[in-house]
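**Student:** Since chain S is already given, all that's left is putting chain F on it; use the hints.
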Amino acid sequence: MTDATSTQFAPQGKQVLVWDIWVRLFHWSLVVSISTAAVTGFVLGAPWIKLHIVSGLLAMALVAARIVWGFLGPTHARFRDFLRPPAAILSHLTGGDTGRHLGHNPAGGLMMLGLMAVVGLLAITGLTGLGGVLRTGPLLSLPYGIGEAGLELHEVLAALLLVMILAHVAAAIFESRRSRENLVRSMVTGTKERRPGDHRGRKVISHPRIALTVIALLAGLTVQVWQRDTGVPERAPVAVLDEIFAEECTACHLAYHPSLLSGAEWQVIMANLDDHFIEDARLDDETNARITEWLIAHDASTAQTRPAHLFANERESPTGSIAETQAWSDLHESLAEETFQHAPVYSKSNCSACHADAETGWFSPFQIKIPKETSK
Amino acid sequence: MKYLLVLPFALLASPAVAQSTSPADLLAQYSAEAGAEASAERGKELFMANHTGGKPDTPSCTTCHTADPKAAGQARTGKPIEPLAPSANPERFTDLKFVEKWFGRNCNSVLGRDCTAAEKADVLAWLASL
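Those protein sequences? They're chains S and F, same order as listed.
For the first sequence, my numbering begins at 105 and goes up steadily by one.
For the second sequence, my numbering begins at 49 and goes up steadily by one.
Bear in mind the hints are in silico, worked out from the structure with no lab data behind them.
One or more hints might be untrue.
[What the hints assert, rightly or not] Quick look at which bits of chain S chain F covers, simulated, 3 or more residues with Cβ under 8 angstroms:
no., stretch
1, 356 to 365
2, 451 to 461
[What the hints assert, rightly or not] Here are the simulated SDA-like pairs of lysine to any residue, each with C-alpha atoms no more than 25 angstroms apart in a straight line:
no., chain 1, residue 1, chain 2, residue 2
3, F, K145, S, E351
4, F, K127, S, H131
5, F, K145, S, W398
6, S, K452, F, N154
7, F, K145, S, D124
8, F, K127, S, L387
9, F, K127, S, T396
10, S, K452, F, D105
11, F, K149, S, E351
12, F, K118, S, C356
13, F, K118, S, Y450
14, F, K149, S, N376
15, F, K145, S, H380
16, F, K103, S, Q445
17, F, K127, S, D346
18, F, K92, S, D384
19, F, K127, S, L194
20, F, K127, S, D461
21, F, K103, S, K476
22, F, K145, S, R394
23, F, K149, S, L358
24, S, K476, F, K149
25, S, K473, F, T125
26, F, K127, S, I348
27, F, K103, S, L435
28, F, K127, S, T140
29, F, K103, S, K473
Positions of the beta carbon are idealized from the N, C-alpha and C atoms, including for glycine.
Just chain S, with the same shape it has in the complex (with noise of 0.2 angstroms):
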């Protein structure tokens, strides 16, 4: 590293402008949009799914943005300026760099490398869950086991992203106080101030048109893929309930979709009808017959959703309980226990005051409202 950094010309103590407007506007939206993400995804969970999506996909567009910048930008906004060849890295990690760089330091620039990685594989195992798990988005053709998989990745991928965030703010707070410097306001304010044996790095000008051109055209790309894939996907749980289905099982609750439930589970439940949940509901042979049919031959095996993956787990002896399941506890073991008795709940079976689009048997997380709690 023997770059032109000789600073005698220029007089001590100069602030000098290190990171661009664009730069610093990428910074402090990638922090908004990550800690929007992060809250919404570790504490607030599924009602909050939209935000979450909105946050995480700005994340990446940011990224995307700041990626073209690192080939067009000025000075230390290139990775030029701050990617470093490993060798490069352990001399700095091992105090063998000396002088101060302006932009960022070897170890930093990994950090950055590091950050915009995870941010992106972050997004792509988000849409791989999105598609196929909750069948939506540009990858809604995906098999669930995938979306699951990419959903499981997804959550080990938060968390180290939170670790190198933690490690990136320390490191931040180190050198400024082994430089003397406040790293975070020249975030703030773009400028640090000058000295002598600065690694300056090589000037370059910035290409602002041609960035923008880019961007706008990487835009435009995504929004053509993202509406390649869309309408409805196959496996979709079946739309149109039966009509004597219909009539003769919600008189007491909701129509309990037949993909929320194995075959195994629909057949007990019809054979026991004279005693269904401490309730009598007889039907005439025929009726039964008919409604035993239809729920069979659309039940859980036929459906790629989340909750008929989840409700549909084969139990040793099957009682026809959604709400019973251990899946079930496990989702809403967020949910206090009152919440499902006060009104209009009433109870934990009575899915669609929560859940707008029970009877679709979609469960959808964009649609779940819990409601104001009423008296009576």
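**Tutor:** Just chain F now, with coordinates in the frame of chain S:
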């Protein structure tokens, strides 16, 4: 040939349309079956009382229909039930098959047995008098 195509639909449709009735006709029918005059007084008693023969969660007709049959009731799942009294809900006691199905289920849940024709006549006489 055409009627062969229509036949299955006619068979399917029949349970829904057929057997329409009215509270008065039905009352006459149950009373005739019982061979006795219906009593609104006894009907009210049966409806309001707590019984022990049925399922423990549903000791009374009022568990779901409330003590005021002109008001809406509520199933145990939170789903509302329309009022039972014909004066508040003209659809009531207009479909024999429907009435029989629910007397069958509800009497079994509350009393642990089927209601007799006399009991059905009593309850109906009381509900129709409201």
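**Student:** So, for every hint listed, does it hold in this structure?
**Tutor:** Consistency of the hints with the structure:
no.: 1; hint: 356 to 365; result: holds (count 3)
no.: 2; hint: 451 to 461; result: holds (count 4)
no.: 3; hint: F:K145 x S:E351; result: holds (13 angstroms)
no.: 4; hint: F:K127 x S:H131; result: violated (51 angstroms)
no.: 5; hint: F:K145 x S:W398; result: holds (22 angstroms)
no.: 6; hint: S:K452 x F:N154; result: holds (23 angstroms)
no.: 7; hint: F:K145 x S:D124; result: violated (79 angstroms)
no.: 8; hint: F:K127 x S:L387; result: holds (20 angstroms)
no.: 9; hint: F:K127 x S:T396; result: holds (23 angstroms)
no.: 10; hint: S:K452 x F:D105; result: holds (17 angstroms)
no.: 11; hint: F:K149 x S:E351; result: holds (13 angstroms)
no.: 12; hint: F:K118 x S:C356; result: holds (19 angstroms)
no.: 13; hint: F:K118 x S:Y450; result: holds (22 angstroms)
no.: 14; hint: F:K149 x S:N376; result: holds (16 angstroms)
no.: 15; hint: F:K145 x S:H380; result: holds (20 angstroms)
no.: 16; hint: F:K103 x S:Q445; result: holds (21 angstroms)
no.: 17; hint: F:K127 x S:D346; result: holds (20 angstroms)
no.: 18; hint: F:K92 x S:D384; result: holds (22 angstroms)
no.: 19; hint: F:K127 x S:L194; result: violated (68 angstroms)
no.: 20; hint: F:K127 x S:D461; result: holds (16 angstroms)
no.: 21; hint: F:K103 x S:K476; result: violated (32 angstroms)
no.: 22; hint: F:K145 x S:R394; result: holds (18 angstroms)
no.: 23; hint: F:K149 x S:L358; result: holds (19 angstroms)
no.: 24; hint: S:K476 x F:K149; result: violated (36 angstroms)
no.: 25; hint: S:K473 x F:T125; result: holds (18 angstroms)
no.: 26; hint: F:K127 x S:I348; result: holds (19 angstroms)
no.: 27; hint: F:K103 x S:L435; result: violated (31 angstroms)
no.: 28; hint: F:K127 x S:T140; result: violated (38 angstroms)
no.: 29; hint: F:K103 x S:K473; result: violated (34 angstroms)
Hint violations for this structure: numbers 4, 7, 19, 21, 24, 27, 28 and 29, all remaining hints satisfied.
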